[in-house]
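**Q** So the protein sequences, as listed, match chains X and S.
So in numbering that gives the first Met the number 0, spot 433 of the first sequence is number 432, and the numbers just go up one at a time.
So in numbering that gives the first Met the number 0, spot 584 of the second sequence is number 583, and the numbers just go up one at a time.
Some clues are possibly wrong.
[What the hints assert, rightly or not] Listed below are the simulated DMTMM-like cross-link pairs for lysine to aspartate or glutamate, each with C-alpha atoms no more than 20 Å apart in a straight line:
hint, chain 1, residue 1, chain 2, residue 2
1, S, 790, X, 162
2, X, 362, S, 738
3, S, 698, X, 387
4, S, 780, X, 226
5, X, 357, S, 738
6, S, 672, X, 548
7, S, 778, X, 266
8, X, 346, S, 734
[Said to hold, decoys possible] Chain S stretches covered by chain X per the calculated footprint, using a threshold of three residues with CB under 8 Å from any CB of chain X:
hint, segment
9, 584 to 590
10, 650 to 659
[Claimed, not checked] Derived Cβ-Cβ restraints for the label pairs, each shown as a range:
hint, chain 1, residue 1, chain 2, residue 2, range
11, S, 703, X, 427, 16 to 24 Å
12, S, 674, X, 549, 18 to 26 Å
13, X, 355, S, 326, 20 to 28 Å
14, X, 427, S, 516, 58 to 66 Å
15, X, 186, S, 788, 40 to 48 Å
16, X, 513, S, 317, 51 to 59 Å
17, S, 703, X, 186, 50 to 58 Å
18, X, 427, S, 671, 32 to 40 Å
19, X, 513, S, 472, 29 to 37 Å
20, S, 713, X, 580, 38 to 46 Å
21, X, 560, S, 671, 24 to 32 Å
22, S, 671, X, 355, 46 to 54 Å
23, S, 317, X, 516, 54 to 62 Å
24, X, 355, S, 175, 45 to 53 Å
These aren't lab readings, by the way, just hints derived from the structure by calculation.
Cβ atoms here follow ideal geometry from the backbone N, Cα and C, with glycine treated the same way.
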Amino acid sequence: MGKLGKKARKFAKKNLQSVEKRNRKLKPFFKKKFAKRNERHEVEDEEEKKVEKQPKKRFPEEDHLDICIDAVFNKDDGEVLSGGDSDTDGFLDELVDEADSDITNPKVLSGSVLSSCCELVDEQQSVEALISLLNWYRAACYYGRESSGMTGSDIQYDIEDSDTFANVIVFVLQKADNTFRNVLGLSDSCRKEKILKLKNNPKWDSLKPLVNSFLRSTMHLAKQAGDLEIKVFALTQLRVSVVFFAAFPDLLKKIIKISVHLWVTGEVTLSQQAFLILKDISMVFNLECFDTCLINMYKAFLQDCDIPMANSEQRLLFLRDSFVELCSQDVQKSYAKASVSITQLAKLSKMALTTKNKEAVEKIHSEQYTNCVDLWVNFIAANVQDCDLQPLLYTIIQVINGVAQLFIGPRYLLLRVKCIQWLNLLSCKSGIFIPIASLVLDMLEYKTTNEAEKLGKKLEAFSTVKLPKNWLKSQNFQEQCIFSVIELLAVHFAQWSFHISFPELATIPVMRLRKFNERSTMEGLKRVVKRFIEQVELNIEFVQRKRDDAAFSPNDQQSTEAFLQLEKRNTNASYTQYYQSIIDKSLGTKKKK
Amino acid sequence: MGKSSRKQKVIPPPLLPPDVPEEDIEFSDEDLKFVQENTDYARFVSRIDTTAINKQCGGRVKSVEEKYEEERSKKKTHQEENESNEILVDPVDVLPVKTLDGKLHFRTVTKKSKLAEADTDEAEQDILEDENILNKSQRRAKAKKSKKEAKKQEKEWPEEIALEEETPQAAVLAEVKEELSAEEMFENSKNKLAELGMELLSDPEANIKSLKEMLEICKDEDTKIVKLGLLSLLAVFKDIIPGYRIRLPTEKELEMKVSKEVKKTRFYESTLLKAYKAYLQKLIILEKLPVYNQVATRCICTLLEAVPHFNYRDNLLISIVRNISSPDEVVRRLCCSTIGSLFSNEGKHGGELTVQAVRLIADHVKAHNCQLHPNSIEVFMSIRFDEDIGRRDKEDANKKKYKKNNKRNNQEEQNQVQENERKKSKREMMSKIRDEVTADHMGVTYEPDAIERRKMQTETLSAVFETYFRILRNTMYSIGESSEEANTTSNPGAFGSHPLLAPCLDGLAKFTQQLDLDYMGDLMNYLKKLASSSSVSNNTKQKNSKLLTVSERLRCCLVAFRVMRSNLNALNVDLQDFFVQLYNLILEYRPGRDSGIVLAESLKIMLCDDRHQDMQKAAAFVKRLATFALCFGCAESMSALVTVKNLLQKNVKCRNLLENDAGGGSVSGSIAKYQPYATDPNLSGALATVLWELKILTKHYHPAISTMATTLSNMNTSQSQTFLSAVTPQQAFADFSLEKESFEPKNESRKLNNKRKRGSSSEEAQNVLEIDMGRLNKKLKENFTILRDIKEDERERMEKKKPLKKLNNVVKKKLKNPKSKKKF
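So here's chain X without its partners, still in its complex pose (with noise of 0.2 Å):
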């Protein structure tokens, strides 16, 4: 609406009545709106994020292309949606003849009063002196994002000079915690329904609003602060009063919103920390959180995929393991989680490898795709030899297979030594065998496919699943392509370089090897393939020795597993000590790129 000119507004208020009362109705609701912007705004993006999303997906089973890997926990959304950011925060009231004085004043915090505050605090747990010591930090906490108190309370609070504004929060975020504790009566290690059953407690019905303004203006910080270090400091001690939030639900929900947010987005410290909330969120609530923390921080997660950004690969590494430690913390409920997603997975690459559709090849070939699968392996292999995730495994076997023998040539080398890696990673950790020596010796022979490789003529972009093809021609690429077959060999190798099979399991590969070094005019090349294939002989060597001793057959399932189980724990062989370097050798390398 236009604004009206003077005139015309007298004339309005005299003699439309309608429009005056529009305006009035109108005035507070845009003047709340302003006011609360601030803190809305982020909470509000996202949400309009998550619902532009949302309808897209709805159906995944009437349209396999719409499946969509971070989708699925769609249905489990709309509580973590909904509240959390609708209530209003004010002050505190405080006491009668703090009151008494000249309401248009603004209070200014000196120094000499927050140190008398302090000592109150500290020696009587006085909680008066709480009210107003959080009143002033609320004020610290939220200082230059109001221009002055809002909602709630006339009273400005103004702090008067850094000194001040510093102590008031480090002792508030240090003592609140241990004060609200002493005042209730409840010990460091005290769980959550201790805090539920507080209800009864009188004293209680005094403190709730000062832990819910405390806990508030320590949430607002670690949001808005400025500075790294401040918001490090902040989420550490909020850390400690994980517990109380059990008092109020809404706070919940906008704490894992806001720990998620900073996981994700955060440096590497405040990361950190953040992820550390949400471990103890979820471990304290884990019946009611457990879930939400999961499902928000794998949507993050897979939404964080699609960025490139500098340091992304040790950010996302450190994503990964945190989140798979977070879902080892109840395997049972993420084992749920887990299947869903993976089944997605399932279904995507089925209809790639039957359909061979370009958008669905796309979709795997995708960061998102790769990264999901990467979340799940080191889930299953941090936890397969715990509990029994049978299926689990054998899905994702599948899928990992699937998606080797759907991109083929040498463009896509990296997603294939990564999906060998994930076969090598679970078959050590679960102790089953998993054939991949066709997919490395494959490797061995992408020189030579160069000429006839047409595959590929898609989008020239970077991303680390698909190498240009410029590449594919130089030398570099192609000690590339032995180095990691050898690397990844070893790794399958040393782990079966004691079973009784092992001969068997390295004669293809060593036939193939030796193919190569025939063939290869690259004498660095054929010294480092002769080499390894020296070591292995050695071991082939050795296994065939001590089963030509042994008297069991095949079918004497005991004697067979206790065959060189003593000479496995001995680490003194040459070629154990050899793939033991080539693995070390390549986790170097991995760390210095």
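Given chain X, put chain S in place with the hints provided.
**A** Only chain S this time, still in chain X's reference frame:
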């Protein structure tokens, strides 16, 4: 256009009630009485203004034809012509046009052309009504002439307009007109085609001349029209071509006096044939033009498929074979399917075309040096060779046929006799000629006898095998050549290096029974050489694209085995070499590159189907396949294990591999130690080894494979050894390929037994951050000062803004705080 459509939408005036003659109307007595009694009521009737009503309700009554006419002209010219043919000109719409005779007219020219059109319409109507043939052609000529005139005039308008009135509007108008006329012409020709076609179909004898006209239309410049013309002609021909071949009368026959009917038939046939010939010529010319390639090929193919007995079929066939390897997918498919249907429906043409087609394809392959699309050879697969023609057919079937033929002959003759009687023309010469004609007729229409059929079949076979052998020889030659002079002549062609080899091998496997035993030896030699081809040139460092792939070599082995099987092993050929090849090819197999299905098939045919295998060889294969299973995916592993199981079941002694007897125990062969890298299965000494592979396979991630491995390792001890595995390697391969994987979560609601909580306290200790309080304090202070500065800044800005608006400074200061509050 828009205008006219709007006009059409106007609701028509109410129609007058149906005209009923006055005498028909019956008045009831009551009515009369009523009127008489109440004359006042009825007075209105006398005052009715009938003219006004008539005007309102559609003017004067028109005949149906007139209405139709009017409607037509309305649609086409956007103006309304009234009964007297005066032209109503809407001067806004149409500029005056100068006619040929130099007078300025408002649309006079249009009127003329419209009239001409009306003429043609009338002519067509007439044709539909009466079937006077003589009159028809005249009328048609007239119609054509008038149409041509109209066309000419239409073409002339724009020029004239451009010359005389060079206003831009006129030019634009002219363009529009031209477009309109083009569209009109298109519509016209389309309608014309449809009409002619319908006429022809409804009564071909009477309207046979229309064919020429349709052909005429096909000479149009507009490609759309030509295509339409071709297709409608195709439909017509397909329908009206008789079930026999037309033989034009000789000169001698023409001299003879014949009845009207015969004349009529002769005329009909000759016209049809001429038109058909012209049509085919047109098609064959157009087929070479890229624009018409598809349409023309479609026509040719459909014709040959529908009427393979009719005249000029050879020409059709030649042009089809020419296109059989066309790069255009659609054309190629069409040609191949046509030839395929020729082969499978030999009854339609008595097998003659089969011979010809095969011959032509063989020549085609020769001419192109075997560089053709595989499809062109695949068509051979649909040829059917009947082995029994020679024996049984010769006697009984032949007699039957003869009888049948006689019967039919008699019937036909009777018919003709009847006709003759009716016509009462019994000249002897006439009947003689008729007999001759019927004899010819028979020769064309009915199946040739068995001897001839056998002859044709032999011819076909020889052409087919000639092609196959040519391909084999060509492939061998190219391999030999490439290994000698490397890359000098390497042009793999558009269809890959050996495009025809795969269908050739398939065909050989299928028709091997028809092959003469004399050639068998050669064939086996070729196959042997091809199967072992790349092991020769393995040493050359440059990998040659002309070498055969693993799949192709496996196929060669397969075909060799099939050939042997189908000849009941009558041949004395040593298949040992093929086993050696297979033994080595197993290792050269690459999952993505080579076809696993072919591998599984060779395992089945070469290893599973033989009832008895040499023990050494069987053991060698068992060992190699088990090793193979350790390195490849589930599908390959499973098919290998199925084969292993099969071999172990059939060769009891090979089960020694499952036992760890020192030195292979009692059955150890001449070689004391197992040689895993040996290339010959007989020299591998596999009997001396133990199937340790099964141990690690029991840990395979795929549950089916691990159970399979367990079953295998227990085979020696378990009692139920009688059952044979029903699953073939192919089946196993198909079932366990990833494409078949269902990816269904097995049991969702399972409970994890050992739910575990991590003792995370120790880790937590690591994660607690050491926070440098001093630095934190500093940071906080800095933060504060920054924030305060910002705040101060803001405040100052506000203060500066305010004075501009209001003069009263003092008041403003007091209001400062609330104001800023409002702002945010």
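**Q** Compare the structure with each hint and give your call.
**A** Outcome of the hint check:
no. : hint                       : in the structure
1   : 790/S to 162/X             : holds (17 Å)
2   : 362/X to 738/S             : holds (17 Å)
3   : 698/S to 387/X             : holds (15 Å)
4   : 780/S to 226/X             : holds (11 Å)
5   : 357/X to 738/S             : holds (16 Å)
6   : 672/S to 548/X             : holds (15 Å)
7   : 778/S to 266/X             : holds (17 Å)
8   : 346/X to 734/S             : holds (18 Å)
9   : 584 to 590                 : holds (count 3)
10  : 650 to 659                 : holds (count 3)
11  : 703/S to 427/X: 16 to 24 Å : holds (23 Å)
12  : 674/S to 549/X: 18 to 26 Å : holds (21 Å)
13  : 355/X to 326/S: 20 to 28 Å : holds (23 Å)
14  : 427/X to 516/S: 58 to 66 Å : holds (60 Å)
15  : 186/X to 788/S: 40 to 48 Å : holds (44 Å)
16  : 513/X to 317/S: 51 to 59 Å : holds (56 Å)
17  : 703/S to 186/X: 50 to 58 Å : holds (56 Å)
18  : 427/X to 671/S: 32 to 40 Å : holds (37 Å)
19  : 513/X to 472/S: 29 to 37 Å : holds (35 Å)
20  : 713/S to 580/X: 38 to 46 Å : holds (40 Å)
21  : 560/X to 671/S: 24 to 32 Å : holds (29 Å)
22  : 671/S to 355/X: 46 to 54 Å : holds (51 Å)
23  : 317/S to 516/X: 54 to 62 Å : holds (56 Å)
24  : 355/X to 175/S: 45 to 53 Å : holds (50 Å)
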